[in-house]
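Here is how the chains run, residue by residue.
2 protein chains.
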Amino acid sequence: MNADLVVVGSGFFGLTVARQCAEDLGLKVLVIDRRDHIGGNAYSEAEPETGIEVHRYGAHLFHTSNERVWQHVNRFTKFTPYVHRVFSTYSGGVYSMPVNLHTINQYFGKALGPAAARALVAEQAGEIDTAAADNFEDKAISLIGRPLYEAFFKGYTAKQWQTDPRNLPGATVTRLPVRYNYDNRYFNDTYEGLPVDGYTAWLERLADHENIEVRLGTDFFDASQEVSKANVAGNVPVVYTGPVDTYFGDAEGQLSWRTLDFEQEVLPVEDFQGVPVMNYADEDVPYTRIHEFRHFHPERDYPKDKTVIMREFSRFAVAGDEPYYPVNTPEDRQKLLAYRDLASREKDVLFGGRLGTYKYLDMHMAIGAALSMVDNKLTPHFKDGAALVAGGVDA
Amino acid sequence: MNADLVVVGSGFFGLTVARQCAEDLGLKVLVIDRRDHIGGNAYSEAEPETGIEVHRYGAHLFHTSNERVWQHVNRFTKFTPYVHRVFSTYSGGVYSMPVNLHTINQYFGKALGPAAARALVAEQAGEIDTAAADNFEDKAISLIGRPLYEAFFKGYTAKQWQTDPRNLPGATVTRLPVRYNYDNRYFNDTYEGLPVDGYTAWLERLADHENIEVRLGTDFFDASQEVSKANVAGNVPVVYTGPVDTYFGDAEGQLSWRTLDFEQEVLPVEDFQGVPVMNYADEDVPYTRIHEFRHFHPERDYPKDKTVIMREFSRFAVAGDEPYYPVNTPEDRQKLLAYRDLASREKDVLFGGRLGTYKYLDMHMAIGAALSMVDNKLTPHFKDGAALVAGGVDA
Ligand SMILES: Cc1cc2nc3c(=O)[nH]c(=O)nc-3n(C[C@H](O)[C@H](O)[C@H](O)COP(=O)(O)OP(=O)(O)OC[C@H]3O[C@@H](n4cnc5c(N)ncnc54)[C@H](O)[C@@H]3O)c2cc1C
Ligand SMILES: Cc1cc2nc3c(=O)[nH]c(=O)nc-3n(C[C@H](O)[C@H](O)[C@H](O)COP(=O)(O)OP(=O)(O)OC[C@H]3O[C@@H](n4cnc5c(N)ncnc54)[C@H](O)[C@@H]3O)c2cc1C
Numbered sequence: 000m001n002a003d004l005v006v007v008g009s010g011f012f013g014l015t016v017a018r019q020c021a022e023d024l025g026l027k028v029l030v031i032d033r034r035d036h037i038g039g040n041a042y043s044e045a046e047p048e049t050g051i052e053v054h055r056y057g058a059h060l061f062h063t064s065n066e067r068v069w070q071h072v073n074r075f076t077k078f079t080p081y082v083h084r085v086f087s088t089y090s091g092g093v094y095s096m097p098v099n100l101h102t103i104n105q106y107f108g109k110a111l112g113p114a115a116a117r118a119l120v121a122e123q124a125g126e127i128d129t130a131a132a133d134n135f136e137d138k139a140i141s142l143i144g145r146p147l148y149e150a151f152f153k154g155y156t157a158k159q160w161q162t163d164p165r166n167l168p169g170a171t172v173t174r175l176p177v178r179y180n181y182d183n184r185y186f187n188d189t190y191e192g193l194p195v196d197g198y199t200a201w202l203e204r205l206a207d208h209e210n211i212e213v214r215l216g217t218d219f220f221d222a223s224q225e226v227s228k229a230n231v232a233g234n235v236p237v238v239y240t241g242p243v244d245t246y247f248g249d250a251e252g253q254l255s256w257r258t259l260d261f262e263q264e265v266l267p268v269e270d271f272q273g274v275p276v277m278n279y280a281d282e283d284v285p286y287t288r289i290h291e292f293r294h295f296h297p298e299r300d301y302p303k304d305k306t307v308i309m310r311e312f313s314r315f316a317v318a319g320d321e322p323y324y325p326v327n328t329p330e331d332r333q334k335l336l337a338y339r340d341l342a343s344r345e346k347d348v349l350f351g352g353r354l355g356t357y358k359y360l361d362m363h364m365a366i367g368a369a370l371s372m373v374d375n376k377l378t379p380h381f382k383d384g385a386a387l388v389a390g391g392v393d394a
Numbered sequence: 000m001n002a003d004l005v006v007v008g009s010g011f012f013g014l015t016v017a018r019q020c021a022e023d024l025g026l027k028v029l030v031i032d033r034r035d036h037i038g039g040n041a042y043s044e045a046e047p048e049t050g051i052e053v054h055r056y057g058a059h060l061f062h063t064s065n066e067r068v069w070q071h072v073n074r075f076t077k078f079t080p081y082v083h084r085v086f087s088t089y090s091g092g093v094y095s096m097p098v099n100l101h102t103i104n105q106y107f108g109k110a111l112g113p114a115a116a117r118a119l120v121a122e123q124a125g126e127i128d129t130a131a132a133d134n135f136e137d138k139a140i141s142l143i144g145r146p147l148y149e150a151f152f153k154g155y156t157a158k159q160w161q162t163d164p165r166n167l168p169g170a171t172v173t174r175l176p177v178r179y180n181y182d183n184r185y186f187n188d189t190y191e192g193l194p195v196d197g198y199t200a201w202l203e204r205l206a207d208h209e210n211i212e213v214r215l216g217t218d219f220f221d222a223s224q225e226v227s228k229a230n231v232a233g234n235v236p237v238v239y240t241g242p243v244d245t246y247f248g249d250a251e252g253q254l255s256w257r258t259l260d261f262e263q264e265v266l267p268v269e270d271f272q273g274v275p276v277m278n279y280a281d282e283d284v285p286y287t288r289i290h291e292f293r294h295f296h297p298e299r300d301y302p303k304d305k306t307v308i309m310r311e312f313s314r315f316a317v318a319g320d321e322p323y324y325p326v327n328t329p330e331d332r333q334k335l336l337a338y339r340d341l342a343s344r345e346k347d348v349l350f351g352g353r354l355g356t357y358k359y360l361d362m363h364m365a366i367g368a369a370l371s372m373v374d375n376k377l378t379p380h381f382k383d384g385a386a387l388v389a390g391g392v393d394a
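First to last, the sequence lines map onto chains A and B. Under numbering that gives the first Met the number 0, the residues of the first sequence are numbered 0 to 394, in order. Under numbering that gives the first Met the number 0, the residues of the second sequence are numbered 0 to 394, in order.
Derived from the structure by calculation, the hints contain no laboratory data. Keep in mind the model is a prediction, meaning the values are calculated, not measured. A hint or two may mislead.
[As the list claims (entries may be wrong)] Here chain B is said to cover these stretches of chain A; the calculated rule only asks that three of the stretch's residues, wherever they fall, bring their Cβ under 8 Å from a Cβ of chain B:
#, region
1, 83-96
2, 167-181
3, 270-277
[What the hints assert, rightly or not] Just the calculated beta-carbon pair ranges, DEER-fashion:
#, chain 1, residue 1, chain 2, residue 2, range
4, A, Val82, B, Asp221, 49 to 55 Å
5, A, Pro146, B, Gly57, 50 to 56 Å
6, B, Gln224, A, Pro297, 29 to 35 Å
7, A, Glu149, B, Asn166, 46 to 52 Å
8, B, Val82, A, Ala318, 43 to 49 Å
9, B, Arg67, A, Gly384, 57 to 63 Å
10, B, Val82, A, Glu149, 56 to 62 Å
11, A, Asp304, B, Tyr324, 40 to 46 Å
Glycine included, every Cβ here is placed at the ideal spot set by N, Cα and C.
This is chain A alone, in the form it adopts within the complex:
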C-alpha cells in the first residue's frame, strides 16, 4: 500500500479532506468506502426509466452562508438558482412552510398584518409558561400556541420520532421557526442552489486528482483486505468518517440513530404534486413527506409523461439500517463522551464527518469541518511534523 494518508468514507467530509491533502500537501491519499459508489449520503443517480436525478439517501439541498465553503464548492460545480420552498398538507388543506404570516392567516381564516398575528400567537402561547414546560408538546405550545402546534408539529413530530411528543424532552425544542411575514424560503442562507450536473458529478470531480485513489466495496473492518483497521491504524495516518461506535467495536454500547425508509415510484404523469417537497402533517398518513425529484431541476429537459416520487417514512434504526439522524438521548451523550475519550487516545487516527462525530451535519458543515481539520491538524502534522492528536469525536 503506497499511501501517506488513508481516508475511510468517500462522503463530502472524506473527499474534501482527500482533495485538500492531495492538492495542497502533495500527499498520496487512499480513500476507501464500503459502498459500491462514492459520495456517501449525497450520492445521486439518474432513475433509469425517466433519467430524472434521484437522491438515493434522501433529498439533498445545498445551502451555506460560509464564504470559504462557497468559494471551495464552486471550484467543482456550478449551481442552479434553485431556492427551496416546502408546503405541508394537513387535514385536507395545503399550507406554506415554515409557519409564516400566510400560514397563520390561512389557518385561522384571517387577513392579519404582522403585529396582529404576533399578538394572536402570543395570546395562544400564553396558555403554558415556557419555563415550566418539560416535554416537547408543552414547550411547543408555550412558543406558538396549541392550534398551530396541533396542526403543523404534533403529528409530524410524532411520526418523525415514533413517539408521542408528550414523551419527548422539552429541551429538543429551543425555538420553533415562525415568520411574521410572507417569506417562505426554507433556508436562510446567503447561497443556495443545486449542482448543475448533479451531486455525483460534483463528488467525482472532487475525487478526480492524480494523488487520490478510491477503492469502493472496501470495509475498513474487513481484516481480510489490505486497507483494514487491523493493517493500517497506527501505521498510516487515518481520517475515519464511519460510525464512531463501530470503530471501537461498540465497546461503550451502540449510539442510537433514526433512519428513513424510502418508497420510490415512477408515475405516468408529468407533475404529481406541483412542488418538490410536500410534508404530510396528519398522524394517520404514514409517510412524513413526498419528494418529486423533477421539480428540483425545472431547467432540465425531463420527460413530459413520467415523474418520480419518493415517499419518506421515519423510524428508529436497528442493526443493518442506514444511520441518518442522531437520536441523542442522555444515554447517547454519555456514550459519546466515553468514545470521545477513546478517540483522543487513538494514535494517528482522526474522526470526522456525520458518523464519526455523531452529529447531524449539513453538507456545507461537513465540508467546512473537513477544511478545518486539514488546516488545524493535517497540515501541521505533514508540514511540520506536529503530532496527530484527535480532539476526540467532537474535533
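Guided by the hints, dock chain B with the ligands onto chain A, whose structure is given.
Only chain B with the ligands this time, still in chain A's reference frame:
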C-alpha cells in the same frame, strides 16, 4: 444650441437612445425633460423621514429575458437577487398570486394535485363557452370558472377600470394566468432584480457621459425656450418620447389613458404588511393595492421603527393627470392610426417610448426598443446619411 440630436424625455427610452448615440456615434446629445428630475416614471427617491427608497410613479420591478438588454443594463447598475411575489387579500383571507395550485387549494379548502385541480377548474369553466363570450366577465369565467373569477378578478378589474367587467370587451382577456403548481413568482423572466443603488442612481449613470447634456424643467412645447418644437423640429434630428397626441396638438383628438393616485404614508412600525405588494380584490376596498417599499430591499439597513406604505388607486386620466396605461378603445386605435400617419410624414423626428407610441412598455421593453431605434434608424442616418424616416408611432 450645439447639438447633433435632441431627445425629448429623460425616461429609459430617451436616456438609452442618448447614451448609445453619445458613446457609439460620438454625437452631442441634448436631452430635455419638462419634469424637474430625470428618469421618467422609473424615478425613485429616498423618503426623507425614513431614507426608504420610494418609487414616485408606482413600484417598478425590473425583469427581462432579453440577453442584449440584460448585458446593457448591467453596465450601469448591479442588481439585487430580489424576486417579485404578490399576495391578494379577498374577503378576509390572504391568497397567493398569480392564481396557482396553492390559491386553488386554499380557496376551495382542498389538497388537490395538479391533475385534479385542472379538472375542477375545467369543469367550472365549462359554464360558459369561450367562443361565445363577448365581455370580460364571460370570457374570464369561460377560462377559469366563476368562483375564482369572482374572488380574484371581478372586483380588482372593476376597480382598475372603474367599469363593470360585463361592460369591458371580452378581447381584453386573452389568457388568465393559472399555474397548476406552487410557483408564485410574479414574472417568468430569466433575469430579475432591483438596482442595488436604486433607480435614480442607475438612470444618472446612464446619462453621465461627456457628450450628453440634460436640461430639466424644459417643455418641448414651450416656444419661449431654446429647445422647443418650434425652434428644433426640422432643423435638428429629434427623438420624441412624450405623448404623441400632444406633439400634434391633439389634431386627431386625445388618446385616453388610465392614471393612478398614490397615497403615501409613514407608519411607526417596522413592518406593516409583511410583503412588498398586497393586492386588494374586494370591490368595496377603494385601493387596488398597497406597496410597502422597505420589502423591496431586505438587504438594506432601513429603520426598525418606521415604514413607508403607498396605497394605489386607479382611475381614468383627465387633463393634467399623469398618463399611465393606454386605455386602447376602438376609438383610440383609430386615432393612433391617424397619428401614425402624421408621424411618418414628420421630417427628422422619431417617436419612441411609452407615450410616444401609446403602448404599455415594461422598462426592459423600452430599453430594447431604444437600442433597436439606434441600430435601425439613427446609426444608418448618422453614419451613412440615410434619411431619418419614422415608421410612425409604432416604430
Ligand atoms: C436523509 C438526509 C437528508 C439530508 N439532506 C441534506 C440537505 O438537504 N442539505 C444538506 O446540506 N445536507 C443534507 N444531509 C446531510 C448530508 O448527507 C451530510 O452532510 C453528508 O452526507 C456528510 O458527509 P459525510 O462525509 O460526513 O458522511 P456520509 O456522506 O455519510 O459519508 C460517510 C461514508 O463513510 C462510509 N463508511 C462508513 N463506514 C465505513 C467502513 N467501515 N468502511 C468504509 N467506508 C465506510 C459510508 O459508506 C459513507 O459513504 C442529509 C442527510 C440525510 C441523512
Ligand atoms: C405605474 C407604473 C408601474 C410600472 N411598473 C413597471 C415595472 O414594475 N416594471 C417595468 O419594467 N416597467 C414598469 N413600468 C413601465 C416603465 O415606467 C416604463 O417602461 C418606462 O417608464 C418607459 O420609459 P419611457 O422613457 O418610454 O417613458 P417615461 O419614463 O414616461 O419617460 C417619458 C419622459 O418624457 C417627458 N416628457 C413628456 N412630455 C414632454 C415634453 N413636452 N417636454 C419634455 N419632456 C417631456 C416626461 O416628463 C418623462 O420624463 C411601470 C409604469 C407605470 C406607469
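**Item:** Hints not upheld, ascending by number
**Value:** 5, 6 and 10
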